[in-house]
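K.L.:
In terms of numbering that gives the first Met the number 0, the sequence shown opens at residue 0 and continues consecutively.
Because the hints were derived from the structure by calculation, they are not lab data.
On a predicted model such as this, the values are computed, not experimentally measured, just so you know.
It cannot be assumed that every hint is accurate.
As the list claims (entries may be wrong) - Calculated pairs, DSS-like style, for lysine-lysine (alpha carbon to alpha carbon, straight line, at most 25 Å):
| # | residue 1 | residue 2 |
| --- | --- | --- |
| 1 | Lys73 | Lys91 |
| 2 | Lys101 | Lys91 |
| 3 | Lys99 | Lys140 |
| 4 | Lys89 | Lys73 |
| 5 | Lys63 | Lys89 |
| 6 | Lys101 | Lys58 |
| 7 | Lys58 | Lys73 |
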Amino acid sequence: MESKVIFRCNSSNNDYHSQMNATIFESWFSQMLLNLEEPSIVVMDNASYHSTLVENYPKSNCRKTDVQQWLRDKNIDFSPVETLDELREKVKLSMRRGKKYKLDELTFQMDHEVVRLPPYHCQYNPIELIWAQVKGRVAEKNSTFKIADV
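Based on the sequences and whatever the hints tell you, model everything.
P.N.:
Structure follows, in structure tokens:
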């Protein structure tokens with residue numbers, strides 16, 4: 000099955016997360032879904048690149064003009080004299096009850112289902128436990144510190 004994505008860590012803190020983003024992950028994930036032969040359940044953690052929303056809402060640090068533009072785009076009435084807090088309240092009222100994630104929708108369209116793990120509970124994610132063991136074993140055996148030897 001062709002499902003691997005490999006990153007060579009380029010950052011000084013040896014953290015690949017700075018190289019992964021929602022676009023790269025979504026592309027890989029779409030290809031991976033095509034390899035599933037029967038309806039499946041995909042367990043997803045809460046990495047930011049797994050959690051892109053179907054619809055983007057203004058963030059709490061957005062400028063007033065950005066919030067006004069978002070409201071305009073959604074045809075939601077507001078007054079130019081309303082404060083940023085009042086505008087944010089209008090955004091909040093227009094938000095859907097449950098979050099809808101792009102990857103969940105994509106998965107559903109391909110006859111699969113996503114189950115999301117609760118935030119900050121890596122003990123429910125077996126791959127995290129296995130990955131910790133693998134990293135420990137590699138570190139234990141790594142004597143040359145060259146990626147080719149790993």
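K.L.:
Each of the hints needs a verdict: does it hold here or not?
P.N.:
Against the structure, the hints come out as follows:
1. A C-alpha spacing of about 13 Å is found between Lys73 and Lys91, which places the hinted pair at or below 25 Å, so the restraint holds.
2. Between Lys101 and Lys91, the direct Cα distance comes to roughly 20 Å. Compliance with the 25 Å bound is thereby established for this hinted pair.
3. Between Lys99 and Lys140, the direct Cα distance comes to roughly 43 Å. Violation of the 25 Å bound is thereby established for this hinted pair.
4. About 11 Å separates the Cα atoms of Lys89 and Lys73, which keeps this hinted pair within 25 Å; it holds.
5. For the given pair, Lys63 sits about 12 Å from Lys89 by alpha-carbon distance, which is consistent with the 25 Å threshold.
6. Taking the CA atoms of Lys101 and Lys58, the gap is near 18 Å; set against the 25 Å cutoff, the hint holds.
7. A threshold of 25 Å between alpha carbons decides the hint, and for Lys58 with Lys73 the separation of about 16 Å falls inside it, so the pair holds.
Of the numbered hints stated above, the single one contradicted by the structure is hint 3.
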